[in-house]
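Residues per chain, in single letters:
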Amino acid sequence: MTETLHFDMDAEEKDVFCQEAEELIGRLDANLLAIEQKRNTPEIVQDLFRAAHTLKGSSAAIGHHAMAELTHAMENVLEDLRQSRLTVTPELIDALLRAVDVLRYFKEEIETGVPAHVETADLIRRLQGFVEGPTGASSLTPFASVAGRGLESGPTNGTGARPEKLLRISARIAGDSLVPAARALQILLALDEVGKVVWSQPEREAIERGQPLRELAVLVESELSAGQMPAHFKHISEIDSLDVKPATELAGEAEEAPGESQEAESEVAKSVRGAAERVNNGSAKTVRTSVERLDKLMTLVGELVTDRNRLLQAQALLSTRYKDGELVGELAEGISHLASITDELQEEVMRARMLPLEHAFSKFPRLVRDLARDAGKSIALNVEGQETELDRSVIEMIPDPLLHLLRNAVDHGIESPQERVAAGKPAEGTIRLSGRSEGNHIIIAVSDDGHGIDIEKVRKAAVAHNLVAADVASHLTDAEVQELIFAPGLSTASKISDISGRGVGMDVVRNNVERLHGSVTVKSQLGRGTTFELSLPLTLAIMPVLLVGLSDWTYCIPLTAVTEVLAIDAQTIHGVDRSEVILWRDRLLPILRLDEFFGLPGGKTEGTGTLPTVAVHWGEGYLGLVVDRLVGQQEIVIKNLGHLIGQVGGLSGCAFLGDGSVALIVDVPGLIKRATRLGSELNVHALQPA
Amino acid sequence: MPATDQIKEEQLVVFEMAGESYGVDISRVQEINRVEAITTVPEVPEYIKGIINLRGRVTPVIDLRTRFGLPAAEVTARTRVVVVKAQEEWVGVIVDAVSEVLRIPLDSIELPSAMITSTDTSFVRGIAKLHERLVILLDLDRVLDKSYHLATAAVA
Chain A
0 MTETLHFDMD AEEKDVFCQE AEELIGRLDA NLLAIEQKRN TPEIVQDLFR AAHTLKGSSA
60 AIGHHAMAEL THAMENVLED LRQSRLTVTP ELIDALLRAV DVLRYFKEEI ETGVPAHVET
120 ADLIRRLQGF VEGPTGASSL TPFASVAGRG LESGPTNGTG ARPEKLLRIS ARIAGDSLVP
180 AARALQILLA LDEVGKVVWS QPEREAIERG QPLRELAVLV ESELSAGQMP AHFKHISEID
240 SLDVKPATEL AGEAEEAPGE SQEAESEVAK SVRGAAERVN NGSAKTVRTS VERLDKLMTL
300 VGELVTDRNR LLQAQALLST RYKDGELVGE LAEGISHLAS ITDELQEEVM RARMLPLEHA
360 FSKFPRLVRD LARDAGKSIA LNVEGQETEL DRSVIEMIPD PLLHLLRNAV DHGIESPQER
420 VAAGKPAEGT IRLSGRSEGN HIIIAVSDDG HGIDIEKVRK AAVAHNLVAA DVASHLTDAE
480 VQELIFAPGL STASKISDIS GRGVGMDVVR NNVERLHGSV TVKSQLGRGT TFELSLPLTL
540 AIMPVLLVGL SDWTYCIPLT AVTEVLAIDA QTIHGVDRSE VILWRDRLLP ILRLDEFFGL
600 PGGKTEGTGT LPTVAVHWGE GYLGLVVDRL VGQQEIVIKN LGHLIGQVGG LSGCAFLGDG
660 SVALIVDVPG LIKRATRLGS ELNVHALQPA
Chain B
0 MPATDQIKEE QLVVFEMAGE SYGVDISRVQ EINRVEAITT VPEVPEYIKG IINLRGRVTP
60 VIDLRTRFGL PAAEVTARTR VVVVKAQEEW VGVIVDAVSE VLRIPLDSIE LPSAMITSTD
120 TSFVRGIAKL HERLVILLDL DRVLDKSYHL ATAAVA
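If you read the protein sequences in the order shown, they are chains A and B. Take 0 as the starting number for the first sequence in numbering that gives the first Met the number 0 and just add one per residue. Take 0 as the starting number for the second sequence in numbering that gives the first Met the number 0 and just add one per residue.
It is worth saying that the hints were derived from the structure and are not from the lab.
In silico DSSO-like pairs for lysine-lysine, Cα to Cα no more than 30 Å straight-line: (1) Lys-295(A) with Lys-84(B); (2) Lys-459(A) with Lys-424(A); (3) Lys-362(A) with Lys-13(A); (4) Lys-424(A) with Lys-522(A); (5) Lys-672(A) with Lys-603(A); (6) Lys-145(B) with Lys-672(A).
From the derived model, a few chain A residues whose C-beta atoms are all more than 12 Å from chain B: (7) Lys-322; (8) Gly-328; (9) Glu-347; (10) Arg-586.
Just so it is clear, the structure is predicted and the values come from calculations on it, not from any experiment. For glycine and all other residues, C-beta sits at the position ideal for the given N, C-alpha and C.
One chain only, chain B, in its complex shape:
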C-alpha cells in the first residue's frame, strides 16, 4: 500500500457505551481486559473507580459512564477495561463492550460541534460517519485530565 493511503485513514478501537459507538486511536491502546477486582481509593472523584495491579504497574481505572455523566451500569460479561497510555502512566477505562477495530478515512471525520450526541462534546475530537454508523472520536487527554470537568450536564 502506498504511504499516501496510510495517511488518509485512522485506525480506531471502537467500543460501545449507552448505545453509542466511541473510538480511540489504536496507538493509544495498550491492551483490553476483563474487569477484575479494583481497589477503591477514598477521596477521589467518583468516576475514578480505584487502582489495579497490571503486571506490576499501579494502574488507575476510570468508569467512562460516570465520567460522562451517564447512569452507571452493571458489570456484564461484555464489560471491558481498555488500558490506554496517558501522559505519565497507563489508565484503565471501563466501557460497556469493545466491538471492533476500524479503519476510517480521514475525510469521513467531522468536527463535533455539528452533531448532537449524548456525550458532552468537550471530550470529543471528531465524529466519523461510516455508512449508516456514527463513531464518536474521544479526546483521551481531556478524558484523563482530572482538572478537566464536564462543561455541561449530559444531553439525554
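Isolated chain A, as found in the complex:
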C-alpha cells in the first residue's frame, strides 16, 4: 500500500492553502532572482520576509512541521538580510532558491498526499550557517519558541530597556475566510515574535485544532507600543479589523502619561482607519470563488447570449410584419434593453474570469536562470506587461508553448558568452517576455538578441528533408522560409535546431496555440535575434463569427481569421493542377468551395456569375472559402460536437443560432493546412515556377 499524508484541513482549505502557497512560492522565487540581479531594495527583502513568514504560519497551522521548520530557517536568514546583517552572495541565493524548490515539493506533497521524502536537515543547517556565520550577530530563534510551545519568552523579551507592557489585541477575521483558524494562528505566531502571549480567546489549542472563529482576543506582553503593533500584522490577509490597546487602559486605569497614551491612541486610530480604507479600496473586499462556479456562470451567460440573439431575430421579423403595431414597438424596446444588459453581464462575467499574465509568467524567471546556467550562458530575462489580463482558460493553456519558446531561446537562440563577445555583443544575452492587449486579442512575445535564424541553412535543410522542391525553395521569400520552421518535418529534426538556431518541436507550439484559436508568427534577423509572437483570444468561450450559408445550412467562420469578404467572378477562377486559384492582392489565392468540401448537396458554389468568397488567413497562409451566401455577423458560444461525433476534419465545434438551430464552426487553420501542405504561400510558388 502506498503511503499517504493527511493534514489538518478539509479539501476546500487545502485548495486555499495550495493556492496561497503557490503565490507565495512564486513571489519568493521572483524576489530572490531580483536580488541576485542586484535589484536589492528594502521592499523586495521585506516582501521575501513576509512571504516566508506567512508560509511558516500556514504550514504550522496545518501541521506540516518540516515545511514550517524550513520556512522558519529561511525567515531567520531573511531577517538578517533585512537588518543588513548579511550581504547577498551567490551561495546565499542558491541556498534560498534550493529552499524554495523544497517548498514546492512540500506544496505538491500537500496537494497530492504523496510524501515527497525530502530531507531538509542539511539545507536547514546550510541556512543556519549564514545566520550563525562568524560576522553576523545572530538573531536566530529556535523554532520551538516560535511555534509557541516553548517556555521561553519571545526574542525581544529581556533585551529591551523598558519593562514590558500588557497589550490587548482584538481582531476580526473576514467572514468569508475559509481558513479563519489559520489566520488566527498567524496572528498568534506574529505576536510570539514580538512578545509573549499570556492569554487568548479562543485558546491556542482550539485554534490549532482548526476550530472556526470570527474574533480573536489576545493579551500580550511586549515592549512594543500599541501603535507599533499593527505593522506586524500587515502581511496577514483576511483580517477585517484589528484593534490594539494597552490592557491597562481597557481596565480603566488611565495611569499612563497622557501624552504617550494619546499618541498611542492616535496611531491605533490611524491603523484602524487604514484598514477601513483598504476595505473601501477593495483590496480586502474580495471573495474567493471556485472555478466551477465561474464556469457555470459563463455557461449560463452563454445561453443568455443565444437567447438574446433568438429574441432579436424574432423581433426583426415581427417589426417587418407589423410595422405600426404599438405592442411591437414596446416589445422591441424591451428586447433592446435586455440585449444591452446581456452584453454588460457577459462583459462582467468575462472580467471575473480574467487573470493577470503574471500567473503564467511567474515561474519563468527562475526557469530561464536555471536553463541558462545548465547551458553555460549568461542570460537576463526581462518580463513586461505581466499585469495584462486574459481569461483563465487561456492562461492555463499558455505555459507549455511559452516554455518551449523560452527553452529554445536559451538553448539555440542566445550564443555562448565567447561567441557573443566575438560578435561585438554584450556577453550577457537578453530574452524579453512581454504581454500586451490588442483589441480582442492578447499578444505575447518572446524575443532574444541571439544569432537569429539562418535563412539559407533552413532553406537547404527544407530541401534536404523533402519539404519543398529545390526550385521552389529558391523562390521562397525570407518570411516564407522562416515559416518553414513550424513545419513538422523540419522542426523535429534535431540536426536543424543546431544550424537554424531554432526549431525543436516548433510544430507542437503552433498546434497548441492554434487549438486556442490563436496564431504564432516568427520574425528573425541573422545576427540580431528572433522574435516569436503569440496572438491569443481574450476568451475561448464566446467568439465573434461571420455566418455563411452553404446549401440548407449555416456555418460560422471565426471573424479573427477573416481577412476580407470578396465577390469573385466565377470566370476568374483558374484550375491549376488539382486546385483552384484566383488572383487577389497581387498574389494567387487558393480557393475552396466549402459545400463541396463538406459534401453538402444543393450548394451553389459551382454556379456562374458572382460567387461570395471569404478570404481567411492563418499564420502566413491564406485561403478563399467560396460560400453560397453571406448571412451576417454574430457572437456565438462555442460548444463541442460531443462524444459520439468526436473530432471532425474542417470543424472546430458548433454553436446555437438565434432560431435555435445548430451551426457548425469552420476550423480555418485545419482547412488551410489541408488545402496546402505548408500553407497557401508555398503552394502559390509551387504553381508558378519562374
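Got chain A; can you put chain B on it based on the hints?
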C-alpha cells in the same frame, strides 16, 4: 406491490421499425420528440444524421434504420426521435414510430441466439415473447458505440 414483483419485470419503451417491435429500458429514455431540423455533420458515419439543439444541449441524432443496415424510410407523421442517455451525453435515435410502454416479466426474455430477426443480433440483448408478439430488446450501449460495427449484413 411487494418488492419481489418489481424485480421480476422490466419496463420498456417499445417502438416500431420495418415491421418489428424493439424495446429499450425505460430508465434510459429521456424523452420522445418529433423529428425537427437536424444539422448535418460532414465526415461522420452515414447513420449519424447530425446534431440538434435539445434545450441547450448539443445532441447527436442517429438513424436506427441505417445503423441496422435497413433501407432508409421517409419521415412520416409517426416518425419519432427517442432521446436516450448514453455514457457521456444524450443521443437522439430516429425510429419509425413509438408504440407503447410495456411491462414484461423477466422470464419471458430469451437470449437472442435462439431467434432469427431482421436485425444483426450483436445489437440485441434479448427477445421478449409476449402472447403472440416478439419484442427485440436492444443493447443500447453497443448501438451507440461508434467503434462497434455490424458484424454481418442484415438478414432479410
